[in-house]
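Residue numbers (this note's numbering), protein chains in the order written: chain A, 1 to 78; chain B, 1 to 186.
Don't read these hints as lab results, they were simulated from the structure. C-beta: ideal position from N, C-alpha, C; glycine also. Possibly wrong hints are sitting among the right ones.
As the list claims (entries may be wrong) - For each label pair, taking beta carbons as the anchor points, the in silico distance ranges come out as:
(1) 152(B) - 70(A): 37 to 45 angstroms
(2) 17(B) - 66(A): 29 to 37 angstroms
(3) 183(B) - 41(A): 30 to 38 angstroms
(4) 111(B) - 66(A): 23 to 31 angstroms
(5) 75(B) - 41(A): 27 to 35 angstroms
(6) 109(B) - 15(A): 41 to 49 angstroms
(7) 34(A) - 32(B): 26 to 34 angstroms
(8) 74(A) - 109(B): 40 to 48 angstroms
(9) 41(A) - 21(B): 54 to 62 angstroms
(10) 36(A) - 176(B): 40 to 48 angstroms
(11) 31(A) - 151(B): 35 to 43 angstroms
(12) 152(B) - 44(A): 26 to 34 angstroms
Below are the chains, spelled out letter by letter.
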Amino acid sequence: MSKEFDLLSLLPLTLIVNWFVVLFLAGYVFFSFLVIRQVAVMCSVVESGINVILKLLAQLLFLAGLLLLLIALAVTIF
Amino acid sequence: MADANLDSIKQFPHFETQSADEEVIVFSRAHLFTNLWWIVLVIILLLIPSALKLVEFKDNPFDLALSAGSQFILTLAWYLFVISFAFQRFLLWFFNIYIITNKRVVDIDFYHLFYKEISSTTINHVQDVTHRRGGVAQLLFDYGDLFIQTAGTTPNFEFHAIPKPGLVQKKLIALLKGVKMMGLPD
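Chain A extracted, bound-state conformation (with noise of 0.2 angstroms):
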């Protein structure tokens, strides 16, 4: 057994890491959920042709983050 101190070893830094991005994509969803509404209210307010594509993309960047959340909780679970 090495007698250096290797602190890299002692810290668990995947752990550390795994559980900040599933912090930050917990709040992704939170925000993007947000964000579906308020491109609706946007959309609303001047008709155009792109207000489909812009609530389309809404709602996949918040399914994306979804799908996202649950792989990383997968990731730092198993």
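Starting from the known structure of chain A, fit chain B onto it as the hints suggest.
Using the frame of chain A, we list chain B on its own:
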């Protein structure tokens, strides 16, 4: 003359508080060039994970400590964050709109995603119109600010970085003259 012809065939989008007999004369948002800073920033941010992989650090602590799964999740989260930032910047640019109709001046502002402000005043409240263009970029791409001073307690209007501020000012002044001579349309 060419401008007048173009305007007559141009279809402006309908906005929320527009009345049936209201005709949009100017529909503007900040110049495209004002988006350059965040587009460049987003490109740089998108390249960061690839750049980090290309550069080989000696004794890189992250390579030693982070598992492949964590690195993968972290990279995806990073891309998601950057794309969302770009989306938010685009929304703020796209929905910050300045409108002049034959009856009103309307300023639709989204200071950030969850803060909306719509101000409007009738044309006959407009007292003074000033446009300001300064700096190389504004001179090169012909964009600048337009300040509309209004009477009484009505807030003044500031149209920031709109394309062709001089032309918009001319249109508004012509409209003001028309309103003073003919009165505000019903």
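Item to complete: Any hints from earlier that this structure breaks? Give me their numbers in increasing order, please.
Response: Numbers 1 and 9 - these are the hints that the structure violates, sorted from lowest upward.
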